[in-house]
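A.B. asks: So you can see what is in the structure, the chains are spelled out below.
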Amino acid sequence: MLNQIRRSRALQLAGLLSPGVLWLVLFFNIPLLIVLFISFVERGRAGGIRLPPVFTLGNYADFFDPLYLGIFLHSLQIGGVVTLICILLGYPLAYFIAARPPRWRDGLLLLVMIPFWTNFLVRTYALKQIMGADGLINNALLGLGLIHAPLDLLYNEFAVIVGLVYGYLPFAILPMYASVEKFNYSLLEAAADLGANPARAFWRVMLPMTLPGVVAAIVLTLVPVVGAFITPDIMGGGKVEMIGTLINRQFGVARDWPFGSAISLVLMALVLVGVILYFRSGGEERRAL
Amino acid sequence: MSAYAVELRNVSKRFPGPSGEIVAAVKNVTLQIRDGEFFSLLGPSGCGKTTSLRMIAGFELPTDGEIFIHGKPMGQIPAFQRPVNTVFQQYALFPHLTIGENVAFGLDMKHTAKPEIGRRVTEALEMVRLPNMEKRHPKQLSGGQQQRIALARALVNRPEVLLLDEPLGALDLKLRKDMQLELKTLQREVGITFIYVTHDQEEALTMSDRIAVMSQGVALQVGPPNEIYEQPQSKFVANFIGETNFLEGTLAAPADGHAQVTIADGLTIATALPADPAPTLGQKVTVVIRPEKLHLRGRAEDVNRLPGTVEDVVYIGTDTHYGVRLPSGQKLRVREQNTDPASRPLAQTGEAVTISFLPQAARVLVE
Numbered sequence: 001m002l003n004q005i006r007r008s009r010a011l012q013l014a015g016l017l018s019p020g021v022l023w024l025v026l027f028f029n030i031p032l033l034i035v036l037f038i039s040f041v042e043r044g045r046a047g048g049i050r051l052p053p054v055f056t057l058g059n060y061a062d063f064f065d066p067l068y069l070g071i072f073l074h075s076l077q078i079g080g081v082v083t084l085i086c087i088l089l090g091y092p093l094a095y096f097i098a099a100r101p102p103r104w105r106d107g108l109l110l111l112v113m114i115p116f117w118t119n120f121l122v123r124t125y126a127l128k129q130i131m132g133a134d135g136l137i138n139n140a141l142l143g144l145g146l147i148h149a150p151l152d153l154l155y156n157e158f159a160v161i162v163g164l165v166y167g168y169l170p171f172a173i174l175p176m177y178a179s180v181e182k183f184n185y186s187l188l189e190a191a192a193d194l195g196a197n198p199a200r201a202f203w204r205v206m207l208p209m210t211l212p213g214v215v216a217a218i219v220l221t222l223v224p225v226v227g228a229f230i231t232p233d234i235m236g237g238g239k240v241e242m243i244g245t246l247i248n249r250q251f252g253v254a255r256d257w258p259f260g261s262a263i264s265l266v267l268m269a270l271v272l273v274g275v276i277l278y279f280r281s282g283g284e285e286r287r288a289l
Numbered sequence: 001m002s003a004y005a006v007e008l009r010n011v012s013k014r015f016p017g018p019s020g021e022i023v024a025a026v027k028n029v030t031l032q033i034r035d036g037e038f039f040s041l042l043g044p045s046g047c048g049k050t051t052s053l054r055m056i057a058g059f060e061l062p063t064d065g066e067i068f069i070h071g072k073p074m075g076q077i078p079a080f081q082r083p084v085n086t087v088f089q090q091y092a093l094f095p096h097l098t099i100g101e102n103v104a105f106g107l108d109m110k111h112t113a114k115p116e117i118g119r120r121v122t123e124a125l126e127m128v129r130l131p132n133m134e135k136r137h138p139k140q141l142s143g144g145q146q147q148r149i150a151l152a153r154a155l156v157n158r159p160e161v162l163l164l165d166e167p168l169g170a171l172d173l174k175l176r177k178d179m180q181l182e183l184k185t186l187q188r189e190v191g192i193t194f195i196y197v198t199h200d201q202e203e204a205l206t207m208s209d210r211i212a213v214m215s216q217g218v219a220l221q222v223g224p225p226n227e228i229y230e231q232p233q234s235k236f237v238a239n240f241i242g243e244t245n246f247l248e249g250t251l252a253a254p255a256d257g258h259a260q261v262t263i264a265d266g267l268t269i270a271t272a273l274p275a276d277p278a279p280t281l282g283q284k285v286t287v288v289i290r291p292e293k294l295h296l297r298g299r300a301e302d303v304n305r306l307p308g309t310v311e312d313v314v315y316i317g318t319d320t321h322y323g324v325r326l327p328s329g330q331k332l333r334v335r336e337q338n339t340d341p342a343s344r345p346l347a348q349t350g351e352a353v354t355i356s357f358l359p360q361a362a363r364v365l366v367e
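Those protein sequence lines, which keep their order, are chains A and B. Each residue of the first sequence is one higher than the last, beginning at 1 in the numbering used here. Each residue of the second sequence is one higher than the last, beginning at 1 in the numbering used here.
Treat the hints as calculated values from the structure; they're not laboratory data. Any given hint could turn out to be false.
[Claimed, not checked] Just some of the chain B residues that point at chain A, by a computed CB distance under 7 Å:
{"id": "1", "residue": "Phe15"}
{"id": "2", "residue": "Leu61"}
{"id": "3", "residue": "Gly75"}
{"id": "4", "residue": "Ala79"}
{"id": "5", "residue": "Thr86"}
{"id": "6", "residue": "His111"}
{"id": "7", "residue": "Pro115"}
{"id": "8", "residue": "Lys177"}
{"id": "9", "residue": "Phe236"}
{"id": "10", "residue": "Thr244"}
{"id": "11", "residue": "Phe246"}
{"id": "12", "residue": "Tyr315"}
[Unchecked claim] To give a feel for the contact side, a few chain A residues facing chain B, derived at Cβ under 10 Å:
{"id": "13", "residue": "Arg50"}
{"id": "14", "residue": "Gly58"}
{"id": "15", "residue": "Leu174"}
{"id": "16", "residue": "Ala178"}
{"id": "17", "residue": "Glu181"}
{"id": "18", "residue": "Asn184"}
{"id": "19", "residue": "Ala190"}
{"id": "20", "residue": "Ala192"}
{"id": "21", "residue": "Leu194"}
{"id": "22", "residue": "Val205"}
Ideal placement from N, C-alpha and C gives every residue a C-beta, glycine not left out.
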């Protein structure tokens, strides 16, 4: 009897889980295995892979070519700058929203998210329009007489950084908001009572206690930004090469699938290592909170 | 150096209310708190006691008036520069720091030398009888223990004044009683002025050297516990502190050195002479008598005698409470100690009795 119930429970569970598992296996695990496979074989003459497949480690060796390694490091650098800007802009915003009366908060969060209901490409092109030689910013500055010739705002690293910050700021705001909103402000009073000026109260009490949100924001911003390819492509006009655009090129004009696959997997491995380190370091402290 | 640890001079605090109106939380309060005393701000929620405390701490600034700490005007001085420390109702321990780091926080902010911090933290933890807790986290402690840590965290800084905002409010009754005595003892030992906010009249009576009873932003009466209890100057204070009986009447000509008050049914009772402002003859007054000052069996020495019928008898161990209906319809509470070994009640329900009391037991209030 009991065994029967157990068996039927197991069946139910299997029934509920299998669509999801099937979906993940079919469209996530198998493609990933294919990518893994491709990364270890030689490229075909006209794209794709060479048939019959020839095993090689060359695709990974290519990645350590100073040219590509440079692109990778540069991507990390851009990712770092963008993430830093997102945190510095996002934390005060998250704090501001969390400090409003509850009836205001949902509306303000909505304002943060509304741009995301517009297509990403459309938004990026809109930003490009604003920053263009004949765009809003240049025309406004010319009109005010502050400059005499349009500034080159587009097709450089600055434009890419602006575009990426614009694109990923909400991903930084939301997790930090979740942390800040839970923060008990009477702890700041307690810190002040014990002689901490506002800056020290922030560093010693508020920041450490909202750190999980900040770290989540860093992960959620840094990872996609390092691998971004649409924004550097559009805002950089092909002049700013990032790891994402490099991968994109391998599957497009360069027709080097194996190399593209190898870069993707290296990127994935590095992200994985980063996330593991994050959970290792932060795990204990978060349990204590 | 002023004789007062803390002085509030005509302090008012007004807040913008939820719908834009101005709410006066504290109205023109003047208080003088002596150095080294255990002073309580007592009143129901919303009476302004916590706001007053927060103004002393510097979390709020007065709208009008001035606060002095040891004679120094506090003006716009922010909380982190004031020579006071606070024990909060919800403890407000820093959850991301250990107990040791929590207690060391204030000394750390003052850049005290590391070895001295260590020594004083150990001392403070011993003082609250929680030694060797440095490495633990606040979450691992019970509510009572957390409250003691909060106390240690404040006292370790040797503040000029310690502010306590209903610190025992979250504890259960038994623990609260223990902590009351412990706090009182601790205060005598360290000799620091304690300002204690509470809504619990028993707590205030038990612990305080002096009490300020507050209501609707006003400090109604300030005095030692027995004075507050025995000589309330208003119906509110009489009613808020302990159980009490009110008899409405009009003032008649004094006789035999006692005031005379005519109450319902033409009965006259003799009372203590009213203090200032002296009421005039024929003025409406309220007579206040505590239940334990009334006697069910007319005692020979009691001048005042009121006939009545016992309506209810409640035995509570040490005492028995009687509800006695007067001919006027008003009910008086009478409390008799159970000195009889078998604690037999002095009267049964329905029995006719004569309530008696001394003139000194009755106070006349003019309102």
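A.B. asks: Look at each hint and say if it fits the structure.
C.D. replies: Here is what the structure says about each hint:
1. About 14 Å separates the beta-carbon of phenylalanine 15/B from the nearest beta-carbon of chain A, more than 7 Å, and the hint is not met.
2. Because the smallest distance between the Cβ of leucine 61/B and any Cβ of chain A comes to about 13 Å, over 7 Å, the interface hint for this residue is violated.
3. A distance limit of 7 Å between C-beta atoms decides the matter here; for glycine 75/B the minimum to chain A is near 17 Å, and the interface restraint is violated.
4. Among the interface hints, the one on alanine 79/B holds; its C-beta lies about 4 Å from the nearest C-beta in chain A, closer than the 7 Å criterion.
5. For threonine 86/B, the interface hint holds, since its Cβ comes within 7 Å of a Cβ in chain A; the closest pair sits about 5 Å apart.
6. Taking 7 Å as the C-beta cut-off, the interface hint given for histidine 111/B is violated, the closest approach to chain A being about 10 Å.
7. Hint status for proline 115/B: violated, given a least beta-carbon distance of 20 Å to chain A, over 7 Å.
8. Taking 7 Å as the C-beta contact cut-off toward chain A, the hint placing lysine 177/B at the interface is violated, the least distance being around 26 Å.
9. Nearest Cβ of chain A to the Cβ of phenylalanine 236/B: about 30 Å, over the 7 Å cut. The hint is violated.
10. Look at threonine 244/B: its Cβ only gets to about 37 Å from chain A, farther than 7 Å, so that hint breaks.
11. The beta carbon of phenylalanine 246/B is not positioned within 7 Å of any beta carbon in chain A (closest approach about 40 Å), and the interface hint is therefore violated.
12. This hint is violated: tyrosine 315/B has a C-beta 45 Å from the nearest C-beta of chain A, more than the 7 Å allowed.
13. For the restraint placing arginine 50/A at the interface with chain B, the shortest Cβ-Cβ distance is roughly 56 Å, beyond the 10 Å limit, so the hint is violated.
14. The interface hint given for glycine 58/A is broken, as the beta carbon of that residue sits about 49 Å from the closest beta carbon of chain B, more than 10 Å.
15. The interface hint given for leucine 174/A is violated, since its Cβ lies 22 Å from the closest Cβ of chain B, which is over the 10 Å cut-off.
16. Because the smallest distance between the Cβ of alanine 178/A and any Cβ of chain B comes to about 17 Å, over 10 Å, the interface hint for this residue is violated.
17. Because the closest C-beta pair between glutamate 181/A and chain B is about 16 Å apart, greater than 10 Å, the hint is violated.
18. Nearest Cβ of chain B to the Cβ of asparagine 184/A: about 7 Å, under the 10 Å cut. The hint holds.
19. The interface hint given for alanine 190/A is met, as the beta carbon of that residue sits about 4 Å from the closest beta carbon of chain B, less than 10 Å.
20. At a threshold of 10 Å, the smallest CB-CB gap from alanine 192/A to chain B is about 4 Å, leaving the interface hint in force.
21. At its closest, the beta carbon of leucine 194/A sits 4 Å from a beta carbon of chain B; the interface hint therefore holds under the 10 Å criterion.
22. Annotation: interface hint on valine 205/A holds; nearest CB of chain B at approximately 6 Å, less than 10 Å.
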